[in-house]
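There are 2 protein chains.
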Amino acid sequence: MENLLSDRIKKTPPSFIRSILKTAVDPQIISFAGGLPNPISFPQEELLESMQRIVKTYGSKCFQYSITAGLPEFRQYVAERYNKRFNLSLTYENVLITTGSQQALDLIGKIFINENDGVILEKPSYLGAIQAFSQYSPKFYQVELTENGLNTQQLEQTLENNDNIKFIYAIPNFQNPTGLSYSAQNRKDVCDILKSKNIALIEDDPYGELRFEGEQLPYIGAGKLENSIVLGTVSKTVTPGMRTGFVISENKELLRNISVAKEASDLHSNIYAQYLIWDYLTHNDIETHISKIKALYKKQAQAMLEAMAKYFPEEVTYTKPQGGMFLWATLPEGISAMKLFPKALEKRVVYVPGDPFYINVKDANSMRLNYTNADCETIDEGIKRLGNLLKDAIVENKSSLIS
Amino acid sequence: MENLLSDRIKKTPPSFIRSILKTAVDPQIISFAGGLPNPISFPQEELLESMQRIVKTYGSKCFQYSITAGLPEFRQYVAERYNKRFNLSLTYENVLITTGSQQALDLIGKIFINENDGVILEKPSYLGAIQAFSQYSPKFYQVELTENGLNTQQLEQTLENNDNIKFIYAIPNFQNPTGLSYSAQNRKDVCDILKSKNIALIEDDPYGELRFEGEQLPYIGAGKLENSIVLGTVSKTVTPGMRTGFVISENKELLRNISVAKEASDLHSNIYAQYLIWDYLTHNDIETHISKIKALYKKQAQAMLEAMAKYFPEEVTYTKPQGGMFLWATLPEGISAMKLFPKALEKRVVYVPGDPFYINVKDANSMRLNYTNADCETIDEGIKRLGNLLKDAIVENKSSLIS
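Protein chains in written order, with the working numbering: chain A, 90 to 492; chain B, 90 to 492.
Treat the hints loosely; a few may be bogus.
Which copy is meant is left open, because identical chains are indistinguishable; a pair holds if it fits in one copy or across any two.
Quick list of in silico lysine-lysine cross-link-like pairs, BS3-like style, CA-CA up to 30 Å [said to hold, decoys possible]:
#: 1; residue 1: Lys99; residue 2: Lys381
#: 2; residue 1: Lys341; residue 2: Lys99
#: 3; residue 1: Lys228; residue 2: Lys100
#: 4; residue 1: Lys286; residue 2: Lys99
#: 5; residue 1: Lys286; residue 2: Lys212
None of these hints come from the bench; they were simulated from the model.
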């Protein structure tokens, strides 16, 4: 059967996280590996009300086939919310509903990538995006992500040296995996670099609403670049289980192509879920709801940072996110977070090693830690276990360097 | 921007049906074009009960991220139902939930097709499948579909002459677009032909439960062929709006690859919808529900056939389906159903012309007619309009042949 399979699927890496999640079912294990939003973000009671209201109000429309781009009313709501938040001039025609943002990544790969076309990613980048794009056999270029955003010199160089680049994929707010955000200046600089180029810019922004420190910044490309695409989702603010995301672009020709690809991929996203989310958003105070999530995540992030200050050896550095769900720890050179993983599992604490966030990197000295799905005491205990492990690893690493 | 797009998306045809549906919004138009199930098939009251029950019972699990293959309980239900109906020995591990059957088609394209790999389709075949597979640039071979099923001689010849065939895509029950079904003998013959071959067989069966005449027949490949895949869905029996379909295969290695492709495509299907459908199916008498749909469709099919006998010129032949949602009319040679379409639109009756169901065929003398979404009086009136149009076209065609 092997020879029946496409080269494409042989090249598509299964997700490391999802494999971890399968093995880490022991309830004694403290998991910082997943990317699960805290269940506090699911407004169950209000959604239940909306379920009854939409069936009563829209009846069979909630259950019938529907149009590919998605429910116009919901798309208009999204357009208006982004207009208000970012001073844009979108209408429902600039919004297309996807089956979660993961589908948006797949559709973007579909409509842009021929074999060996270039795709620029942050270094490190979101592994789900690497997985989605990999299906279409691009050539990946990773540009260093710094405390301020993309390394613009490296970006310019990469663009200069390669004429095959189709798009740049960036997560400007509380990036997955690092938790880093692009500064206002960096956003401007990146925009200036791209202005004269025939290249699309994908800004994936699942966490943008979850800023618990500092001020909201404008997108790099939205409202400014011709081939700008912004990805959004309700997964982190309402529910991920409903698989409801959206693509926003002022470029209707791009959206038309994404729509053809979507039609071929799943016809349309669950229309009941679209009515439901739209009804929920228009009948409730979403800002108050989001502020609850942010308050919790802020507390959890602080708990993790405080525990790291207490328990982590000083040779380990880590990011201090202003929002989102993750932070990123960098170990001394020579220590592989991947090799450390089985030991961590023994101590019943898990994280995601850096490797899957890079292209062709093995034994990276970095790890992603999620803080949104454990209470503060559990976070303290988990970081303590991890800290002890790291101390041992550093001693071992030093002695191996000497010997 | 054009040069930013992939060859793939340039080669993917937008759906003719979906374009029609957009133009045919005039409520005066009688549409036999769509493939919409009758809203009678949506058990709204019962689904509303299930919505309340699952939120109460499973809480945040209905709203959180979930596993790629789908809710094990729902998959086990599907396995047991197919075991009972077809004497198979499936477990939940043989079932993977998809975002509607359209996604299954996309995933199958993804895991099998390299550029120029061969795909065998029925002639004519389902346009949504042609669209999904086209994204992966296969070479299509169409094997004639007869009153009894596939033309086995042609099938053997196609297999003999081409060593690049990856899979055969077939709709053995009440085929879309023709309404034809494979006979018991034809199923056996096709199975025998494929037994020694390293080729996958995809049996797409969205309408199998909607048999209103004759006896249920076994699948061609399920339980018999190593690389057999059966596609199913609740779209025609419960709701299409929830985008819930499934892939069934005894070949777990095939399912594992489909699962990796699905993970990269949308992580997992709406988990709330899976709880909902599963709860509905296990708390209600689904057989009684389906029997109501069948009774209605039988009446509607009869109404259409009777109207055709009354109004269609005798030169036009048509299929007599034993179930499903469509029938297929064949016009005298030389009459293009596509060219006739604007005239039909003027008379306010629409259908799908044959062309999009074929590979590289223009001006086919055939059309697909759907009977499930109009009442019997409307069907009579629509077929009358169409009959008059066909009579005129035949007269015109004859005079053009003479002149």
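Against the structure, the hints:
no.	hint	result
1	Lys99 x Lys381	neither (43 Å within a copy, 45 Å between copies)
2	Lys341 x Lys99	between (34 Å within a copy, 16 Å between copies)
3	Lys228 x Lys100	both (12 Å within a copy, 22 Å between copies)
4	Lys286 x Lys99	between (33 Å within a copy, 22 Å between copies)
5	Lys286 x Lys212	within (21 Å within a copy, 46 Å between copies)
Violation of the numbered hints given earlier is confined to hint 1; every other hint is satisfied by the structure.
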